[in-house]
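The hints should help you fit chain B with the ligands onto chain A, whose structure is shown.
Protein chains: 2
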Amino acid sequence: MTTIAIVGSGIAGLHLGLHLRKQDLDVTIYTNRTGEEVANGPVMNSVAHMHVTRAIEEELGINHWVGEDYEYIRHYHYNGWGEDREYFGDFTKPSAVVDYRIMLPKLMQDFEERGGRFVYGTLFREDVDALTDEYDLVVVSAGKGDISAIFPKRPELSPFSAPARKLAVGFWHGVERLEPNGVGVNVVPGVGELLAIPMWSFSGKVMALLFESVPGGPQEVLTDQKYADDPAAYREKTLEILREYYPPMYARINEDEFRLQGEKDILQGAFPPAMRQDFVELPNGKFLLALGDIHMTVDPVQAQGANSAAYSAKVIADAIAEDKVFDRRFMEKVARRRAERLEAATNWINTIIGPPAEQIPELFSAMVHNRELADRFTENFNNPIGQMDLLGSTERVRAAIEATKSTVNA
Amino acid sequence: MTTIAIVGSGIAGLHLGLHLRKQDLDVTIYTNRTGEEVANGPVMNSVAHMHVTRAIEEELGINHWVGEDYEYIRHYHYNGWGEDREYFGDFTKPSAVVDYRIMLPKLMQDFEERGGRFVYGTLFREDVDALTDEYDLVVVSAGKGDISAIFPKRPELSPFSAPARKLAVGFWHGVERLEPNGVGVNVVPGVGELLAIPMWSFSGKVMALLFESVPGGPQEVLTDQKYADDPAAYREKTLEILREYYPPMYARINEDEFRLQGEKDILQGAFPPAMRQDFVELPNGKFLLALGDIHMTVDPVQAQGANSAAYSAKVIADAIAEDKVFDRRFMEKVARRRAERLEAATNWINTIIGPPAEQIPELFSAMVHNRELADRFTENFNNPIGQMDLLGSTERVRAAIEATKSTVNA
Ligand SMILES: Cc1cc2nc3c(=O)[nH]c(=O)nc-3n(C[C@H](O)[C@H](O)[C@H](O)COP(=O)(O)OP(=O)(O)OC[C@H]3O[C@@H](n4cnc5c(N)ncnc54)[C@H](O)[C@@H]3O)c2cc1C
Ligand SMILES: Cc1cc2nc3c(=O)[nH]c(=O)nc-3n(C[C@H](O)[C@H](O)[C@H](O)COP(=O)(O)OP(=O)(O)OC[C@H]3O[C@@H](n4cnc5c(N)ncnc54)[C@H](O)[C@@H]3O)c2cc1C
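Residue numbers (my numbering), protein chains in the order written: chain A, 1 to 410; chain B, 1 to 410.
Any given hint could be a false lead.
Unchecked claim - Heads up, simulated BS3-like pairs for lysine-lysine below, C-alpha to C-alpha not over 30 Å straight-line:
1) A/LYS314 x B/LYS324
2) B/LYS405 x A/LYS22
3) A/LYS93 x B/LYS286
4) A/LYS93 x A/LYS106
5) A/LYS324 x B/LYS405
6) A/LYS405 x B/LYS286
7) A/LYS314 x B/LYS93
8) B/LYS93 x A/LYS324
9) B/LYS22 x A/LYS405
10) A/LYS93 x B/LYS22
11) A/LYS405 x B/LYS93
12) B/LYS405 x A/LYS286
13) B/LYS93 x A/LYS22
14) B/LYS286 x A/LYS314
Unchecked claim - Negatives, chain A to chain B, calculated, CB over 10 Å:
15) ARG33
16) SER148
17) ALA366
18) GLU379
19) SER393
20) VAL408
The set of hints was computed from the structure by calculation and includes no laboratory data. Think of the CB as a built atom: it goes at the ideal place given N, C-alpha and C, for glycine as much as any other residue.
Chain A with its partners taken away, still in its complex shape:
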């Protein structure tokens, strides 16, 4: 009987665990937080699952959040330059955004009910290595913390030594939802981005305001000034920045109701994006396979971390379904099969947050009057490969503009 250990119980480890239980394999997840601790903990992120991920969740029977409370279908864009600045793009099928403090505990419960086992406790590098003596396969999905050093960085795909954006995300009341429901995608050169994400959380509908701030720019204060030090001042600062840089977002705010859902509902921090090796070989001849943020950490600005992790978990699960010899060939198979999509995701995001790539403002400017292009850009949040086809170079952006020019202003 094939036995598999997974380290980490985030979306990556849980997806993989649930796939493997569907294959009736013996799976144990090692993790350092119980479902209750996750539920009672601070905000970790504000994750949109694109329909491509939701299709996997349907296949896994974990699509517990279907319906308009959780779903959105549109990107409402605001460009911080040019004459006409507002436009939108639609998805072909809705995405969903559920607070992970609700989602992950539920999936942990699903996993246990379906015969998966949890072992709680914090593992150190040696403990992870030792699991390889006990299990046929060990997959590490322990997130982007220190433990990620198990897998060396791939320098050619990890161009940033420091964070490209400083992050601050809070779950707020008092921000109007639009009709149809959508994510606000606001881009202001030199300042950063603001994503306004209609979430489902403990109090029901809230708005995640995810400020992605250029280091040294006027918005980084929202990361540097700690909320807990002076909640009222922080709220004031947030309104000030909304007023100054994001007028269409400010217009959606009801100041009387504008407040955080709760004290734990804000996350401030920064991390450098990185792409790490897919696997490492240990002295005993066995391997550790990386999955999720520990393998690829991307800036959240294009909402690809968890969606990529879900994709990657499925690639691994499919590889296991067809082959249970966990040698170098197996590891290379997984690496190869997920490389195209994962590298596309990381390259796409780096093109947005990196040193200005000339084609990006060109594309964003063109989308203002080109609905077909805006829809394609939006739908491609499901398909990073298609996104790189669209925006990978100036030549490509111009070819896309040319191919859609008949629809402009239509």
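Leaving out everything else, chain B with the ligands in the frame of chain A:
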């Protein structure tokens, strides 16, 4: 309007051309032989299309050869060692073997009827390069001849500097078909292999005897002694070798009827297998993309050349369907998507014809009494990745034997 040129009208170029016409693109095939010349020419090969390829052909609407005249479902094995030497493995769906002198002219006609264009004439390297000024994309599928030098060899995947086998294939009358119809797969260490392939040709049912001879071994005479010099002596030699090394095949011969279908129905020769680069960039910044034998030439012993070409043509067609910017990104996309399967095919075959890999005789010996293993090996002619999963190393062969041991002698 996207325009595409294909150089070469073998199975590779025709499959691609037909896919692209289905996409309604402007496609021109440059080739140096008309359909009539192909039909009237000598035997080129003896190609089995596995069901995975036939499914593509059905999708293309070129499945003109369906039914028991063309199809077989079994591999009849003979090991030239051990006590029990005969066994068989079954496919899940039939393969088909039609003389390419019948098949290719028909597909050329299909291509023209569907709006494809032919330009006849022999192209030199400069002519091929010049096509890139005229067409958006140029795909080169001109076979394994001199022109293949356009694409440099990949040394790590081209371990042979000389042919590993000498080939001789004739289309014979007077060899009994078995029930159910199948290919004879005869393996004799130090001598080589003999594949007995029930073909459909101009006179109807014939048997292709494909002798794959170890250079310097007792069978190479069938390649070296030219048939035309003394047909009767050649026939005698063939019978002698069948008697000596392949008793189960010899038992199927009716000497009174044993003769070639016709004078053009024999091919003798040898070539070193090679894997070449997927594409080259030209000084004008455009690319040539390799397809078929010009990209990967494999020894025919595992029947993967044309099946790989059909796969590769589909990968290219699918890539074109989603992306019409033919830059380096496009070329790398194609390279990456077909790499796993094509490298598996080439590695598999090299494992069989290369310096003895210890796990191969172990697998072949085990299959004698292990039907499940023999079926898996057979079905994997559709799936080179699965084949490498099965036989890529001693560990893997032993794992497969272990996993199926309960079925042995059942
Ligand atoms: C603000 C923000 C917004 C985001 N928005 C999106 C979005 O819209 N779309 C999207 O796709 N992605 C988004 N992401 C990214 C997404 O959150 C991550 O990619 C994803 O959650 C990573 O999941 P994971 O399972 O790999 O890692 P984690 O969720 O970090 O899980 C790691 C697990 O390992 C456990 N663990 C860690 N160390 C140890 C140890 N030493 N021993 C035992 N257990 C350990 C942890 O307890 C946890 O269970 C966003 C991220 C942020 C920060
Ligand atoms: C004996 C034998 C048995 C085989 N059995 C199998 C099998 O069972 N299964 C399998 O999958 N494969 C098998 N193969 C391999 C298979 O035949 C080849 O892989 C396949 O036919 C290659 O197709 P292609 O289109 O790439 O090349 P080709 O068929 O060689 O086509 C090349 C085309 O380019 C044209 N051309 C060449 N040079 C020029 C030029 N300079 N200018 C213009 N046109 C040019 C030619 O006229 C031709 O149209 C076998 C091969 C042999 C020899």
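To test your reading of the hints: which numbers does this structure violate?
Failing hints, ascending: 3, 11, 14, 19.
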